[in-house]
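K.L.:
Spelled out from the first residue to the last, the chains are:
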Amino acid sequence: MKIDHTQPLEYSTEQNQLNILGFWIFLGAEIMLFATLFASYFIYENRVGNGPSGGEIFEITPVLIETFVLLTSSFTIGLAINAMRLKRTKAMLVFLGITLLLGLGFLSVEIYEFMHYYHVGATLQTSAFTAILLTTLGTHGAHVTLGLFWGLFIMIQIKRRGLTPATANKSFIFSLYWHFLDVVWIFIFSFIYLKGMM
Amino acid sequence: MEFFERFAVPHPSPLIYASMVAIGLVIIAIIAGVSYFKKWGYLWNEWLTTTDHKRIGIMYIISALLMLFRGGADAVMMRLQTSVPDNTFLDAQHYNEVFTTHGVVMIFFMAMAFVIGLMNFVVPLQIGARDVAFPRLNAISFWLYFAGAMLFNISFVIGGSPDAGWTNYYPLASNDFSTSVGVNYYNWALQISGIGTLMTGINFIATIIKMRAPGMTLMKMPMFTWSALITNAIIVFAFPVLTIAIIMGTLDRQFGTHFFASTNGGMDMMWANLFWVWGHPEVYILILPAFGIYSEIIATFSQRNLYGYKSMVGSMVIISLLSFLVWVHHFFTMGQDALTNSIFSITTMAIAVPTGIKIFNWLLTMWKGKIHFTVPMLYSVAFIPLFTIGGVTGVMLGVASADYQYHNTMFLVAHFHNTIIPGVVFAMLAGLTYWWPKMFGFMLNEKIGKWAFWFLTIGFCFSFFPMYITGLDGQARRMFTYSEATGFGPLNMLSFFGAGLMAIGFVIIVYNIYYSFRYSPRNVGDDPWNARSLEWATHNPVPEYNFAVLPQVESSEAFWDYKKKGHKLFPDSIKKIHMPNNSGLPIIMSGLFFIFGFSFVFYIWAGVIISAIGIFACMAYRSFEKDDGRYISAEEIKETEDKFGGAGQ
Chain U
1 MKIDHTQPLE YSTEQNQLNI LGFWIFLGAE IMLFATLFAS YFIYENRVGN GPSGGEIFEI
61 TPVLIETFVL LTSSFTIGLA INAMRLKRTK AMLVFLGITL LLGLGFLSVE IYEFMHYYHV
121 GATLQTSAFT AILLTTLGTH GAHVTLGLFW GLFIMIQIKR RGLTPATANK SFIFSLYWHF
181 LDVVWIFIFS FIYLKGMM
Chain D
1 MEFFERFAVP HPSPLIYASM VAIGLVIIAI IAGVSYFKKW GYLWNEWLTT TDHKRIGIMY
61 IISALLMLFR GGADAVMMRL QTSVPDNTFL DAQHYNEVFT THGVVMIFFM AMAFVIGLMN
121 FVVPLQIGAR DVAFPRLNAI SFWLYFAGAM LFNISFVIGG SPDAGWTNYY PLASNDFSTS
181 VGVNYYNWAL QISGIGTLMT GINFIATIIK MRAPGMTLMK MPMFTWSALI TNAIIVFAFP
241 VLTIAIIMGT LDRQFGTHFF ASTNGGMDMM WANLFWVWGH PEVYILILPA FGIYSEIIAT
301 FSQRNLYGYK SMVGSMVIIS LLSFLVWVHH FFTMGQDALT NSIFSITTMA IAVPTGIKIF
361 NWLLTMWKGK IHFTVPMLYS VAFIPLFTIG GVTGVMLGVA SADYQYHNTM FLVAHFHNTI
421 IPGVVFAMLA GLTYWWPKMF GFMLNEKIGK WAFWFLTIGF CFSFFPMYIT GLDGQARRMF
481 TYSEATGFGP LNMLSFFGAG LMAIGFVIIV YNIYYSFRYS PRNVGDDPWN ARSLEWATHN
541 PVPEYNFAVL PQVESSEAFW DYKKKGHKLF PDSIKKIHMP NNSGLPIIMS GLFFIFGFSF
601 VFYIWAGVII SAIGIFACMA YRSFEKDDGR YISAEEIKET EDKFGGAGQ
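Residue numbers (UniProt numbering), protein chains in the order written: chain U, 1 to 198; chain D, 1 to 649.
Calculated from the structure, these hints are not laboratory results. Just to be clear, a hint being listed does not mean it is correct.
[Unchecked claim] Within a straight-line C-alpha distance of at most 16 Å, the following computed EDC-like cross-link-like pairs (lysine to aspartate or glutamate) qualify: (1) Lys2(U) <-> Glu639(D); (2) Lys210(D) <-> Glu14(U); (3) Lys575(D) <-> Glu639(D); (4) Lys576(D) <-> Glu636(D); (5) Lys576(D) <-> Asp561(D); (6) Lys575(D) <-> Asp526(D).
[Claimed, not checked] Partial list, computed: chain D residues near chain U (C-beta under 8 Å): (7) Phe259; (8) Ser262; (9) Met270.
[What the hints assert, rightly or not] Restraint-style ranges between C-beta atoms, simulated for each label pair: (10) Asp627(D) <-> Asn82(U): 27 to 33 Å; (11) Glu636(D) <-> Leu176(U): 36 to 42 Å; (12) Arg518(D) <-> Ile31(U): 51 to 57 Å; (13) Lys638(D) <-> Leu104(U): 55 to 61 Å.
Glycine included, C-beta positions come from ideal geometry on N, C-alpha and C.
Could you put the whole structure together from the sequences, leaning on the hints where they help?
P.N.:
Listed below in C-alpha cells is the structure:
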C-alpha cells in the first residue's frame, strides 16, 4: 500500500480514494431509492381509504425531538471527522460516541411514534397511505439502525488499531452515510410531516 | 403434513416430475464427477472463491449460457403449444408459468448476466487496469446473482412458478389471482440478484472513472468501455426503483398491505408505472453494451477506425437520458389522457434519432473498409438490418393512437424479440466468439460457427416475422391456444419451425465449444483478429495480473496505433504487482441469502431470522477483517512473461 502523505489520511491510498468515490455513487443509488419512496408517498398521500389521514395522526412533539436529535448528531459527526483530521483520536471517539447515542435516541422516539400510530389504528394494513408512510419512515429507520452497528464497529476498530488509512477511510465514509440520512430526514420532516399537518 | 404440502407443485404434470428427476440426477452427477476427479480443492480455490474479474466474468457467462438453455426450453414449449390450433400439450395455467419464467429467465438471468459477464472480462483489460475497483464486491455481485437465479429456477419443482408474466402486473400478481407461492419467488429472486446488479453498477463506474491507464482520457476509451460506463450509470439510477417496487409487492403479498390493491386507497397502476420506470431503462442496460460490442467488432473486421466516435458517445448519452422518459408507452391503453400519451409518444419516437445515428456510423465504418466476414462480423452485419426492422416497428408501437391496435398482440412480441435477439443475443454470441481466445487461449471453429449463425438468423426470421402478421390480424399474446377458425394455425406452425431452427443453432454452438476445445490449435498468438484496443496487447489467455507493465495510451485505438504507427505502449519496467486475495465470504453470504429468500417465500420465519443473522454476521466479519491483498514479485512476473514469450511486448 502506497501512502500519499500530502493527502488527508482518509484519501491517502489509491484504494481509499476508490472507496470514497464508490460510496458517493452508492449514495446516488440511495437518492433514487428514497426518491422512489417520496414519489410513491405523494401519489398515495390522499388515498387513505377508511383509515386516518396524515393530519389526524401526526404529533408534532416526537417529530420535533427526532428532528433536533438527528440534526445534532449530524453536527457531532462533523466534529468527529474534524477531530480525525487533527489526529485527536480520543476526541474523535467521544464525538462518534455522542453521534451514535443521539442516533439511538432518535430511534427510540421513532419506535415510540410507531407505537402511537399502532394505537390510533394506523397500521401497515390500514390503507395505502399508512403503508407508504410506514414504509418510507421504516426504510429511513432501518438505515439508521444499520448505521448504529456500523458506527459501533468502526469505533471498536479505531480503539484497537488507532487511526490508520483504513480506519480513517471507514470513518469518513460512515460520516457521509450519516449526513445523507440527515438530509433524507429533512425531506421527510418537510414533505411528510409539515405538509401533512398544514 | 400441512407444512410439507406448501412445497408441492400446484399443477403437477409428467414434465415436471421428469424435471425433478433430471435435476436430482444432474446434481448427483456433478457431485460424483467433481469428487471422482478430486477437483473440489481446485474448484474452491480457483473459481468459487476467486476475486479475479476475468474468472468472475467467465462464471457469469457460463451461468448465462445455462439460463439461455432453460429459457430456450420454455420458448420451444410455447411455440410447440401454439403450433396447431386447440393444442393440449400445456394447459392454460402451465402455459402462464412457462411464458412468465421464459421472460424472467431470459431478461434477468440470461441477458443481464451475459452483458455483465462480458463487461467483467473485457472492461478492465480495455482500460489497462489490473482488476475492478472493488474485487471482493464483484464476487459478491456474482454470487448474489447466482443465488437469485437458482432461487428462481427451483420454483417450478418446489411450490410452483410465478404465473403473472415477467411484468408481473397487479392485481393479477396479487394473492387473489396468483395463489401459489410463485410470485413470492419472483419477488425474492429478483430482489436478491438486483442487489448484486446494483453493486456491479457502482463497481464499474468507479473502475472506469478512476482506473484507466495513463493517457487514456474519457474520449480515448474504447467504445465498449463507454457503453459499459453509461450502462452502469443507468443501472445505478434504475435499479433502486425496482427495489422499492418489489418491496411494495412483497408487502402486499406477504404482509397484507394495499399498495397495488383496488381497496383501501391502493392503486394497481402504481406497479405498472414503477415497474416500467425501471423496466424501460433496463432494455437500454441490455442494448447499449451490445452496441458497444458491435462497435468494437465492426471496426476490427473492417480494419478502419470507428466512424463518428464523438457522435457514438453523444448518442449513447442521449439514449440513456431518454430511456427514463418513455415508460408510459408500455401502457398507452390504460387510461391516461391524450396529452400524457402524446408526450410519451414523442419521447419514444425521439429515441429513434440517436439510434439511427449509430446505425449510420456503423455503416460508414464499413464503407470502403476491408471487411473480413468472420463469425463475429457476420452477427454484426446481420444485426444492422434486422435491428432496424425491430426499431421501425418500435416506432409504429410508439404512435399512441395506433398502439390501441397493436397493444398486447403478437405484433408486440415480434417487435421486442426483433430488437432483443438480433440486438442483444447476437451481440453476446459475437462478443463471446470475439473474446473467446482472450478467455481460453484458442479460437472457436469458424466453419461450425458460421453454420450456427445461419441457423440462428434464418430461424429467427421464421420464428418472429409471422408474428407481425398474426399480431396485426389480432392474435393476442400470452393466450395458450386459439381456435382453428382464427386462421392463425399455419403461421404459428411456421414460428414453431423457426424456433426449431434456432434450437439447432444453439446446439451447434455447444458442439462448437466442445469441438474447438478438442481440436483447435493453441498457438493463436496474442492478436488473432488483428484488433485495435488494449485487451489484445496482453497475452492469450490473460495472466492473472492482466498487464505486466501498465500501458501508456495516446489514442482511442491504442493497440492499432502501437502496431501501425509505432507508439510505445509499455514504457515502464516490470515491478511487483498488488493483487486482491481470494475470499470464501461472498459465496457463503450468498448461500445465506438463498436460504433467506427461500424461507421468506414459504413464510418459514425461523429460517428468515437465522439466515438474516448470518448475513449480518458476514458483514460484521468483513468490517473487522484485515485484508490488504498480496504482491506478485517482479521475478515471478518475469518468469510468467517469459513463458508467454517476451515481457511486455
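K.L.:
Work down the list of hints and note, for each, if the structure agrees.
P.N.:
Results of checking the hints against the structure:
no., hint, result
1, Lys2(U) <-> Glu639(D), "violated (25 Å)"
2, Lys210(D) <-> Glu14(U), "holds (9 Å)"
3, Lys575(D) <-> Glu639(D), "holds (13 Å)"
4, Lys576(D) <-> Glu636(D), "holds (9 Å)"
5, Lys576(D) <-> Asp561(D), "violated (28 Å)"
6, Lys575(D) <-> Asp526(D), "violated (22 Å)"
7, Phe259, "holds (6 Å)"
8, Ser262, "violated (10 Å)"
9, Met270, "holds (6 Å)"
10, Asp627(D) <-> Asn82(U): 27 to 33 Å, "holds (29 Å)"
11, Glu636(D) <-> Leu176(U): 36 to 42 Å, "holds (38 Å)"
12, Arg518(D) <-> Ile31(U): 51 to 57 Å, "holds (52 Å)"
13, Lys638(D) <-> Leu104(U): 55 to 61 Å, "holds (56 Å)"
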